[in-house]
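Engineer: So the chains spell out like this:
2 protein chains.
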Amino acid sequence: MTIEAIVLEIAAAARKAGRLMSQIPTAQKNQALMTLADQLETDSERIFTANAKDVEQAGENGLSNAMIDRLKVTDATIRAMADGLREVAALGDPVGAMDESCLRPNGLEVSRMRVPLGVIGIIYESRPNVTVDAAGLCLKAGNAVILRGGSEAIHSNRALADLITASLTASGLPGKAVQVIPVTDRAAVTTLLAQESFIDLIIPRGGEGLIRFVVANSKIPVLKHYKGVCHVYVDQDADLGMAEDICFNAKVQRPGVCNAMETLLVDQSVADRFLPKVGRRLKDAGVTIRGCGRTRQRLAWAEAADDSDWPAEYLDLVLAVRVVDDLDQAMAHIADHGSNHTEVIVTRNYSRARRFIREVDASAVIVNASTRFNDGGQLGLGAEIGISTSKLHAYGPMGLKELTTTKFVVFGDGQVRTT
Amino acid sequence: MTIEAIVLEIAAAARKAGRLMSQIPTAQKNQALMTLADQLETDSERIFTANAKDVEQAGENGLSNAMIDRLKVTDATIRAMADGLREVAALGDPVGAMDESCLRPNGLEVSRMRVPLGVIGIIYESRPNVTVDAAGLCLKAGNAVILRGGSEAIHSNRALADLITASLTASGLPGKAVQVIPVTDRAAVTTLLAQESFIDLIIPRGGEGLIRFVVANSKIPVLKHYKGVCHVYVDQDADLGMAEDICFNAKVQRPGVCNAMETLLVDQSVADRFLPKVGRRLKDAGVTIRGCGRTRQRLAWAEAADDSDWPAEYLDLVLAVRVVDDLDQAMAHIADHGSNHTEVIVTRNYSRARRFIREVDASAVIVNASTRFNDGGQLGLGAEIGISTSKLHAYGPMGLKELTTTKFVVFGDGQVRTT
Chain A
1096 MTIEAIVLEI AAAARKAGRL MSQIPTAQKN QALMTLADQL ETDSERIFTA NAKDVEQAGE
1156 NGLSNAMIDR LKVTDATIRA MADGLREVAA LGDPVGAMDE SCLRPNGLEV SRMRVPLGVI
1216 GIIYESRPNV TVDAAGLCLK AGNAVILRGG SEAIHSNRAL ADLITASLTA SGLPGKAVQV
1276 IPVTDRAAVT TLLAQESFID LIIPRGGEGL IRFVVANSKI PVLKHYKGVC HVYVDQDADL
1336 GMAEDICFNA KVQRPGVCNA METLLVDQSV ADRFLPKVGR RLKDAGVTIR GCGRTRQRLA
1396 WAEAADDSDW PAEYLDLVLA VRVVDDLDQA MAHIADHGSN HTEVIVTRNY SRARRFIREV
1456 DASAVIVNAS TRFNDGGQLG LGAEIGISTS KLHAYGPMGL KELTTTKFVV FGDGQVRTT
Chain B
1096 MTIEAIVLEI AAAARKAGRL MSQIPTAQKN QALMTLADQL ETDSERIFTA NAKDVEQAGE
1156 NGLSNAMIDR LKVTDATIRA MADGLREVAA LGDPVGAMDE SCLRPNGLEV SRMRVPLGVI
1216 GIIYESRPNV TVDAAGLCLK AGNAVILRGG SEAIHSNRAL ADLITASLTA SGLPGKAVQV
1276 IPVTDRAAVT TLLAQESFID LIIPRGGEGL IRFVVANSKI PVLKHYKGVC HVYVDQDADL
1336 GMAEDICFNA KVQRPGVCNA METLLVDQSV ADRFLPKVGR RLKDAGVTIR GCGRTRQRLA
1396 WAEAADDSDW PAEYLDLVLA VRVVDDLDQA MAHIADHGSN HTEVIVTRNY SRARRFIREV
1456 DASAVIVNAS TRFNDGGQLG LGAEIGISTS KLHAYGPMGL KELTTTKFVV FGDGQVRTT
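Going line by line, the protein sequences match chains A and B. Everything in the first sequence is counted per the numbering used here, starting at 1096 for the first residue and increasing by one. Everything in the second sequence is counted per the numbering used here, starting at 1096 for the first residue and increasing by one.
The set of hints was computed from the structure by calculation and includes no laboratory data. Just to be clear, a hint being listed does not mean it is correct.
Derived BS3-like pairs (lysine-lysine); straight-line CA-CA distance at most 27 angstroms [stated by the list, open to error]: (1) Lys1322(B) with Lys1496(B); (2) Lys1322(B) with Lys1322(A); (3) Lys1322(A) with Lys1111(A); (4) Lys1314(A) with Lys1496(A); (5) Lys1322(B) with Lys1111(A); (6) Lys1167(A) with Lys1314(A); (7) Lys1496(B) with Lys1314(A); (8) Lys1111(B) with Lys1167(B); (9) Lys1322(A) with Lys1111(B); (10) Lys1314(A) with Lys1322(B); (11) Lys1322(B) with Lys1111(B); (12) Lys1148(B) with Lys1167(B); (13) Lys1314(B) with Lys1496(A); (14) Lys1111(A) with Lys1378(A); (15) Lys1314(B) with Lys1148(B); (16) Lys1167(B) with Lys1322(B); (17) Lys1314(A) with Lys1111(A); (18) Lys1314(A) with Lys1314(B); (19) Lys1111(A) with Lys1167(A); (20) Lys1111(B) with Lys1378(B); (21) Lys1496(B) with Lys1496(A); (22) Lys1148(A) with Lys1167(A).
Some chain B residues near chain A, calculated using beta-carbon distances under 7 angstroms [to be verified]: (23) Ala1185; (24) Leu1186; (25) Val1278; (26) Tyr1490.
Keep in mind it's a predicted model, so treat the numbers as computed, not measured. Every residue, glycine too, gets a C-beta built ideally from N, C-alpha and C.
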């Protein structure tokens, strides 16, 4: 069979499975998730054996230690996957709810009913836990899912897929509701991205290169973010102690993630008091600062920032710092260099807080808290399948509800149109 | 200037205008819409003059009478455009509302705020009224818009654009909030579809060929429907008089639109009683019927349907008719041949009505009313910019709300993340 034929067969089977999935009662979907959680823990040896092959090959192929680390499945990984599935089982099911009802003058009753999207394709790199986490969320929302993980994790993903299929069929769900593409050729991805009659949504998760490739080649709608260039603006009326804690947390607590701060903007009227203190604390934590001229007047040890720093997503203990004239210059900087991901103002001023909230265009706009809160779990969505900085369908973290859509439902008693 | 440079300049100017538009108060947006409505009526001669050039060229280029008819701007067209703008001005402004608020255990207040999408590109054919209708809806929702009409309407569209720009600036709105691409080369479209940093959404309106071209070439999210293959299923428990009226309305009232019925499915147990009556009435109205074998047993005069009829969108006084065994066969037919647009069941049976509503996957699922009600105005959206059969962002008619998105807004008092 050609790669194209393999992918086509998977996509067509997913559409059929999706139709069945859309009608599965909540209790039965939860049962499948709980069964899978148990199976992962009791059958962990099978996963470890398959994963060891991937790790061995990764070593032979000269992958970096960091990448091998992300690839490795440990007892803790298994536990996290199982616990995650149990949490998703405990979440409310968005499917079937009716909303925005109205009675039209001609007597028609119109509502919107929440329904599954249908078939979701996930294209990702490295971490095998995505296979289980993504499958769990998609299933709970009544969708079928096609998973295309990185070639370096193929043995792990196949083993996980076998477990998932067994748990689905044991709970009376269609076995094809979760399918892993078993070939590692990139042609499988381009074929997948052309199946708009079988697939309703593509979610790419990984580096910017992968995501740009997916967007450029997909005929199917894509939800994604390219990068997170998140700012904290310390206003002239900020509580500087609070600002220091927020900046430290936003940069240092987990620098490698998309909602970490990449650029700090400081109002010129507080730069003298704020920068030396926060600068020392960041430096002590190992942070390299790349500052504008006015920053380096206060932090002589800082490196000089150039134009490449303002749009940079370092994902590391590096921070760009700029002293700005006022709120307007801060918001202009964010509009010019931000990535519509997460933007924070620290202030005690009511009007400027409101202006920042209304005028800044980002998936999450935050007053007086860390950038790190732009996360599905933290914002109350329960669990997330990713963060979107596209504005269509979802802007920000995507949870169960974002894996569904609404259809119009109309009840009449013989109405016809005359105009 | 090259075509690419022209389009890039327009797109960059639209992004800037969009940022300004997002902050314009409702009253000021309404003022601009009302001014434009008045201007259209007082300056209609300028539009007629420009339109006459397009109509003359269309004649020279040998366009069909139907196409020239769609191109022509009359007094009635002007009045409809002006009235449409006044209706949009009267609609509520979706921008700025907060929703789905929650208080997190750590004290963060989380909400979603409705905000404009930003910049919307509309790619359409023929009818110059789309220029005004689309601009009005996009503006009211706080967006900037780039319009790319058909080359055959270029003079009309340029004249309308001049009027729109004058009305915008007279009301203090950014003049570049509505821009018409002044070149007719198709390269302008492909360049436009690549500007994902400047444009947030593309809406193509026109024939299936245009739409497929846009989807294949766009890096920007697209909302669209390819076609409307809408079914009416007449159940064994249907009120046959009601079913006849609904079928007649769905097929005959306006056969050239996407929410007209294209295939009639009749339960075998009522075929003998239903088909001869409805068949005669449709035939008298000039409808050609293309039927399955069991249909032709009842309607000897019907043409024989073949496999190409079931997925056909005739947009004409032609109807495919199939006699089915039961509800399951009807729903399987719809799943196999439908276009997720509009599906109707006529029945007095409670359980089968509920099954049809839950199990059929279409942007509008209707019990006991005409397919023709799948329309933004009819379903209570006020006005519509099109119908989406993609499931992302919007499924069904798209009104003002569908031209916006939501961002997360978070109020804290110093919260940082520890895990």
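Engineer: Hint by hint, work out which the structure violates, then give me just those numbers in ascending order.
Structural biologist: 2, 3, 6, 8, 11, 14, 15, 19, 20, 23, 24, 25
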